[in-house]
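Go by the hints and put chain B onto chain A.
Residue numbers (UniProt numbering), protein chains in the order written: chain A, 1 to 175; chain B, 1 to 194.
Calculated directly from the structure, the hints in this document are not laboratory data. Certain hints may be false.
Stated by the list, open to error - Dumping the calculated DSS-like pairs for lysine-lysine here, alpha-carbon to alpha-carbon at most 27 Å:
| hint | chain 1 | residue 1 | chain 2 | residue 2 |
| --- | --- | --- | --- | --- |
| 1 | A | K6 | B | K43 |
| 2 | B | K156 | A | K56 |
| 3 | B | K144 | B | K43 |
| 4 | B | K144 | B | K156 |
| 5 | A | K124 | A | K174 |
| 6 | B | K4 | B | K43 |
| 7 | A | K56 | B | K144 |
| 8 | B | K43 | A | K32 |
| 9 | A | K32 | A | K143 |
| 10 | B | K144 | B | K187 |
| 11 | A | K56 | B | K184 |
| 12 | A | K143 | B | K43 |
| 13 | B | K187 | A | K56 |
| 14 | A | K124 | A | K143 |
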Amino acid sequence: MTRNLKLLALFVGAAVIGHVGLVMAVPHALMKVAMNRMSGDGARINQFSFGPRTTKDSRGVVRPSPDLAYSSCVYDLSKGPLLVSAAPSPNQGYVSLSVFAANTDNIAALDTTQYPKGIRFVLKREDQVAPVGMQVVNSPSDKGIILDRRLAPSAELFAEVDQARRADSCAPVKG
Amino acid sequence: MSGKLATAGVLLAGLAVGAASGWYTLQHGMVQGDTYSGWSGSKVTGSVDADPWTRARVAVSGLLALNKSQAIYFSRNTDDSGARLREDCRYRVTGGAMPARWWSITVYAADNYLPLNDDDALSFDQTEAQPTGKAEWTGILSPKQPDGEPWASTNKAGDYDITLRLYQPTPQAQQDYDAIPMPKVTKLDCGGAA
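Okay, chain A solo, but in the shape it has when bound (with noise of 0.2 Å):
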């Protein structure tokens, strides 16, 4: 092989290394840009933060709706489990609580036309323990966020999802 090929060669093989790497790295890059947003930079890991109402000036997260009510509890599991629950909207308008992994993959959506009474989960790593009879979802990574969405589509509804919202808890498993 000539240089001249060696050097197409390589040229070729960096590129697509460079062209998946970019594209493997970026939903990490950005959910870790998400997370430092959502908890003060880091100030508020296992607990719940509660959104203002979505606005033209929402700039935390691509594409929020102005119809939901948003909370967000970034989670980090490395000192063991958490206990996450929400409780329901007046009137049962839509709530869910989804789980994001560090990869930005949705890796659990539960809501509460399944759990009208309100949602409740442990959430773990594969090799942590549960406590028995408890609702599990099982994350992939030690990191990631809890989103709490609520229907909310006008000002008023708003004012009443929020009083409900505060109930919610992302916390360390007792005992």
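Relative to chain A, chain B alone:
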């Protein structure tokens, strides 16, 4: 020495070109899933089954999207004639009963955020757009508020697109996107014409 420099230069150039092509792919939506009556959507959005390109594209333009068991997302930037949606035009969006518990249509600017206007009309949804006598619902996309109709403002939206969210879609809708009766987007007029 010059040989090693040339090799390093080629290596760096290859990495840079590859990374640039990857970013271009994600930015220009070359992995958009399938098209359904002008709306594009992917069955693996948010799913653990998503391929790396779909996962990365969703991270760029729809981070924290739900999987189809909870929500289905469709987007479009053209009207039913295939023309690019324009900020200064008025469009009527019409649809029938949607196979979901709740739906909404939202305007997004090219930066994937909501348009920077103060109209407090960034979307319309099932709670606003009630069926008319023909068992259809309608809404308006326009830069100015219409009289008495659900409205999503395109004021300051630039090269915008719209997203249809179907929350808690029926099992049939999850299985067969072709069976979903997609809303129509019809241009009414442009540039403030009556």
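Consistency of the hints with the structure:
With a CA separation close to 41 Å, the supplied pair K6/A and K43/B exceeds the 27 Å bound. Taken as a hint, the K156/B and K56/A pair is honoured in the structure, with Cα atoms around 11 Å apart against an allowance of 27 Å. Proximity of K144/B to K43/B is assessed by CA-CA distance (about 35 Å); at most 27 Å being required, the pair is judged violated. With a C-alpha separation of about 11 Å, the suggested pair K144/B and K156/B falls inside the 27 Å cut-off, and the hint holds.
A distance of roughly 13 Å separates the Cα atoms of K124/A and K174/A; the hinted pair therefore holds under the 27 Å criterion. Restraint check for K4/B and K43/B: not satisfied, since their Cα atoms lie roughly 47 Å apart, outside the 27 Å limit. Distance hint between K56/A and K144/B is fulfilled; the C-alpha atoms sit about 17 Å from each other, no more than 27 Å. Simply put, K43/B and K32/A have alpha-carbon atoms about 25 Å apart, close enough for the 27 Å limit, and the pair holds.
Restraint check for K32/A and K143/A: the C-alpha separation of about 9 Å stays at or below 27 Å, so the hint holds. A threshold of 27 Å between alpha carbons decides the hint, and for K144/B with K187/B the separation of about 15 Å falls inside it, so the pair holds. Proposed proximity of K56/A and K184/B is supported: the alpha carbons are some 26 Å apart, at most 27 Å. For the hint pairing K143/A with K43/B, the CA-to-CA distance comes to about 25 Å; that is within 27 Å, so the pair holds.
Restraint check: the Cα-Cα separation between K187/B and K56/A comes to about 25 Å, which is no more than 27 Å; the hinted pair holds. A threshold of 27 Å between alpha carbons decides the hint, and for K124/A with K143/A the separation of about 10 Å falls inside it, so the pair holds.
Figure legend: structure checked against the earlier numbered hints; hints not met, in rising order: 1, 3, 6.
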